[in-house]
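S.K.: The lines below spell out each chain.
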Amino acid sequence: MNEFVETLLDLQWHEPKSTYDVVIIGGGGHGLATAYYLATRHGITNVAVVEANYIGSGNSGRNTTIIRANYGIPESVRFYQHSLDLYSTLEEETGCWIMHATKGLLWLAHTETAMRSERARCLLNTACGAETVMVDPQAAKAICPQLDLSGGGRYPVLGASHHVGAATARHDRVVWAYAQGAMRMGVHVLQNTQVTGLLRDGERVTGVQTANGNISAGVVLSAVGGNVTTIANHAELRLPVRTHPLQAFVTNGYAQSLGPIISDTELFCYVSQTARGQMLIGAEFDPQPSYSTQSSFNFLQSCTSKVTHLLPFLKNLRILRQWTGICDVSADFSPIIGHTGVDGLLITTGWGTWGFKAIPAGGSLMAELIATGKTPPLLEPFGLDRFASDQALADQGSTGTR
Amino acid sequence: MLWLTCPICGRRPIDEFSFGGEFPTVPDRITDPATRDVDYVWMFDNIAGVTTERWFHHAGCRRWHTARRDTITDAVLHTGIEDATDTVL
Amino acid sequence: MSRIVVDGRTIPYESGDSVAMAVLRAGEHPHHGGALCLAGDCPNCVCEVDGIAYVRTCQTPAKPGLVVRRHPEVGAPEIREPAQPNVARSPAAAHIEVRRIETDVVVIGAGESGRIAEAEAVAAGRAVTVLDSADGNEVVAIYGGPTVIVRRPDAMVHYNANEVVVATGAAEIQPVCPGNTLIGIVTARAADQMHTAGVDLGVAVAVGTPPQTAPCMAVPGSLVRIVEADGKLSAVVVSHDGNETTTPCDTLIVGLGFAPRDVLSRMAAPHLPVRTVGQAAERFALPPCPTAGIVCPCSKIGVDDLDGVWDRGFRELELVKRASLTGTGTCQGSVCVPHLRAFIAERSGAIPEPFTARPATRQITLAEAAADVHTDVFRRSPLHDEHLALGAQLDRFGGWWRPWNYGDHVAEYWAVREAVSLGDVSTLGKLVLSGPDVVELLERLYPTTVADIKPGRSRYVLLLNERGHLIDDGMICRETDSKFVLTFTSGGAANAEMWVRDWIETWGLRVHVLDQTMSLAAINVTGPLAGELLQRVGLADQPSFLHHVHATVAGVACHVMRLSFTGEASFELHHPADRSAELWRALMASGRDLGVKPHGLQALFGLRLEKGHVIVGMDSEMDSTPRRLNMDWAVKMDKPDFLGRSALARTADLPDERRLFGFTVEGAAPTEGSPIFSDGAIVGHVASSFTSPLLGHGIMLGWLKHTPWPEQVQIDGRTATVARPPFYDPEGLRARA
Amino acid sequence: MLALETLHGTRIVAAPEALDALDAATWSTSVTVLRFAPDDVFVLGAETISISGEYAIVEAESGFVGCWLTDEQLAHVAEHIDWPLPVERPVLVQGFVAGVPAKIWLTSSATGERSLLLCAAPYACELTERLA
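Protein chains in written order, with my numbering: chain A, -12 to 389; chain B, 23 to 111; chain C, 40 to 776; chain D, 334 to 465.
By construction, these hints were calculated from the structure, which means they are not laboratory data. Small disclaimer: the values here were computed from a predicted structure and weren't measured. Note that the Cβ used here is the ideal one computed from N, Cα and C, for glycine as well. Take these hints with a grain of salt, some might be off.
[Unchecked claim] Taking lysine-lysine and the DSSO-like style, the derived pairs with C-alpha atoms no more than 30 angstroms apart in a straight line are:
#	chain 1	residue 1	chain 2	residue 2
1	C	Lys744	C	Lys675
2	C	Lys675	A	Lys361
3	C	Lys339	A	Lys90
[Unchecked claim] To be clear about the criterion: a stretch of chain D counts as covered by chain B if any three or more of its residues have a C-beta under 8 angstroms from a C-beta of chain B, and this derived list gives those stretches:
#	stretch
4	359 to 366
5	369 to 382
6	414 to 421
Chain A extracted, bound-state conformation (with noise of 0.2 angstroms):
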């Protein structure tokens, strides 16, 4: 017996039936914790979540398990900070063992320029909310043993910024959680079932097409990742996204020793260890557009080598396994998440590289935004509309190493 093996859960699965009030396509973290909270908050079970292959197959089985919200902008720090909140009480709230562990998080800085950024990003981060605070490299060591401040005498650690709150959990618990808490109250999970189309009645959009038949619904919301054009593309909704793949590896377990996860933008690359001790290295997402989720060694080349600059620890421990998310990366680098211009159709997409860390407060807040018919205020500067009125937020603070 091992001790990680999940023994607390039970998902509960139901038979389709052709019509719901709100139909959730994507049986990701995002699309089940909207059907959570809209079962748990607003009293909204007769829903569905549309799933084309198993539950968390997507970028919610394939990411790195961070949870931060040290962003670039007041925006994306409040509403990441949200997410931050709801995810420290989540296993409180769903009775689920998710593995949350907080660490803090260490941001390297080996230039001036990164200095500045990352001061900057103490002052931001602390004002709206998300403890962060300026580290000198001595410090910095004392956090991280590990650390070789002389960066392989190549990037010399000149700070840090220390993300207090940051935190892991582990990837596929928080999707059986939600969707474990959802189908408890009767929302109903259909795995196996591709969305082929959307319903159209006029503008309007009244449901989806699947392979195993059509199914009515009062509200549609993609909730997809890596395919959200496939998915609009059925409503000739136009969206300023992009498909990249993102790449990480993990290492075989060791006995526990890094404490806090490291994270550098300099060098794209960020790790933490899990709790059964692997390290989890991930990088930037891909410069090139792409669906196919093969590994490339040019990427494990690039991303060993610099990150064996940081962690000379890690050069004699083995890559167990490599593997490819495909995720949406928007024009500014932050989530759209709310009303299309497409009657029936909501959408939450453009989630990048750091979806994950954004389930709780996403999916909480679009299932006010679908039970209220209100934007909730922590939503309304992620509006798809943003671009048209050329109100961009131009976090580039959001991306993964970033």
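For chain A, the structure is supplied; the task is to place chains B, C and D on it using the hints.
M.R.: The following block gives chains B, C and D in isolation, referenced to the frame of chain A:
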């Protein structure tokens, strides 16, 4: 390894190139000029399938070329210095 | 006799022994138990070898003095920090050699099917490379290309092939029953290997298909359980015709069938020329559904665990895997996948496909992956050594090493304001454009008018994208009717070249481009005494403001541009990179009594802030329109067309709250990035700040993003006043002097 | 450690046809014509070059550094290149060498094969250190 073929320099690992984006298109169904402009500057076709796109060989000749790539498999079907009207597959 | 060290004790080995065989020869188990395959499939022989954990010892030749440590029986192995070589400029793993080999066909596996594939390819006149683990070739993965990554004892080898043939054969099915983690269980092939190596198997009992050579007693029937005594197996219980029989033994040999060793085939992208042949391509029958025992030896997952997650609703192969962790360990499913599929097939009625195969099948260390990989290149200006000699603190900026300061940025500041100073601006982007369509190109590229720039004159320009957002700025210098020199920011230079070339091709214009960013160095001579200094070194006819000339300065051919970023009279001397140090020294020597000093970026950022000059990317944001930057003056909307024009026209009357402002505050300047508050709410942030030595207080550029824009704000707990830059010499008289 | 030194020459950007003619012309053995791109050439060792086309850009070029390699040195350099060197000679190859943008002029001469390794001057330090 992902490889691309530069028409001037030959086959090289993808890290030697910069991605320059697909050729932007605006659907004919959009007729309002302002909406067309919004679409042109912000929206992406984001095709799951064969795209025509620009790559710059920054580590070599420092010239652009046009490639056709299947974004589902990452297979590069054609590279050439021809323009986007080239339809060789 | 040669020896290795296992858990601190030396044990002898014989020629040809793997580490695992040596341990078995010593009468021990390399792990803590579990059936051994000795073929690289199972995780039951992994140890730490010479500081590297998770090494399959059956694939590791014994070498004198090899240090082997068993993993702890409970918990994960400790991390052994590698010795730190002097890594100053070498890759992270300088000691590991990489070989890159181009070949036509790679055949993986030298068994029967591999040999056939090899012979076929040779007959077809193709060059073939055969990779077999017995020859020390551990195939790690097949990537796009196809590129086959191989780990050898002496190097990492990357094979680029036109075709890959996977002929890896089949793995033996491992037993799943109570007691299957005991010491003393081997597969039939492993038993033959041990027998051939002369390892004593003691009383050996075989269940299933017996080994070919190893002496043993074959017991008919199916495996029920394995009996323990003193921490190892003592007997095996077999069911035959409904009867259970117990047979005492020292070694249990299992011949339970095969599963295709097809991980590499499943890993390769479907469109790649990768073929699978022989047993690796065969669809073997699944083993019977397991009922008890450990299914996944890597993660120690039992059938009861599978039952548990199944009963909790995890009904897909991937969900069972993820909920139970089966198949997520070192062997990546080699042992458990057949049993897991059999488990699910029995409960669901359908045989699931194996889960996705991902790199790596044979594990490599991070150092092995990083071998001969270099990170980004840091560029050096031709004046690099001059800066070091002057005590510069260098910083990396825009991909270049640049002087941040020379020890005292305030003294450098005063040299610019009151005397003369040199700045190294070699890193600026520099393009030469020539052609019949060059004016047409520049009119479309820039929001300013270009046709009216006379030869010998220059103009400051913004570079906008199609969204009307600032992507760079710089100067246009007109040389002749059909030839221009363009400059760009240091950080924007590479993108600018791409941008210009792309649009020339897109528009089909006849313009030649030469990028001289790295061919020409540039020195900015700035300060009220700049003219005098240049007079001394031979620049008699000095260009007036926004003019440029070609002239010889201190014997060096220079393109001299008169402009100003610092606010003082400034002359940018662009000149051949190989003459730069000579020119720099001449200027430093001739200006000594004028008080000449070099200035770094830190002083420059302050100097330009006093003038309110924006630095792209520091003050501007991704979506900064000229209007938001108060730079509408640089945009001629009456031009017929230019990049960004339609977007600017479309958004001109939209409501907008974003605007870059100047701010002043008593005392030292607040930290850059500080939030700006009004009535307790965040209304913006400081983009850049400087404590002006001349003004004696803090000045800032910053964004306000909420209207009405206040006249006073709170920054850093202090009251700051919104001001209109420039903060210094608003008429610009000094720049033109 | 390779000693990279400034290469003094002439850089010409002109119509490809004009450069084809330049490329095809018979030069003395001391002249090296490096064709960076169809419209871009770097000529080493030529005193005067005439080029047709009124819009051609002709500039003295001293922004590259390089050194001639022995076959042994070339083999060492090639170990740090991800892509295969072609067999044809003479040929200019361009791309990452030890991760640094560089070019190699591979040639055959009566005295045996010699190759010119060159890169933009700002890269010189990194290239030599990485190849050391």
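S.K.: If a hint holds in the structure, say so; if it does not, say that too.
M.R.: Against the structure, the hints come out as follows:
1. C:Lys744 x C:Lys675: holds (25 angstroms)
2. C:Lys675 x A:Lys361: The hint is violated at about 42 angstroms.
3. C:Lys339 x A:Lys90: holds (27 angstroms)
4. 359 to 366: violated (count 0)
5. 369 to 382: As far as the stretch 369 to 382 of chain D goes, the hint holds, because 4 residues have Cβ atoms under 8 angstroms from chain B.
6. 414 to 421: Result for this restraint: holds, n = 3.
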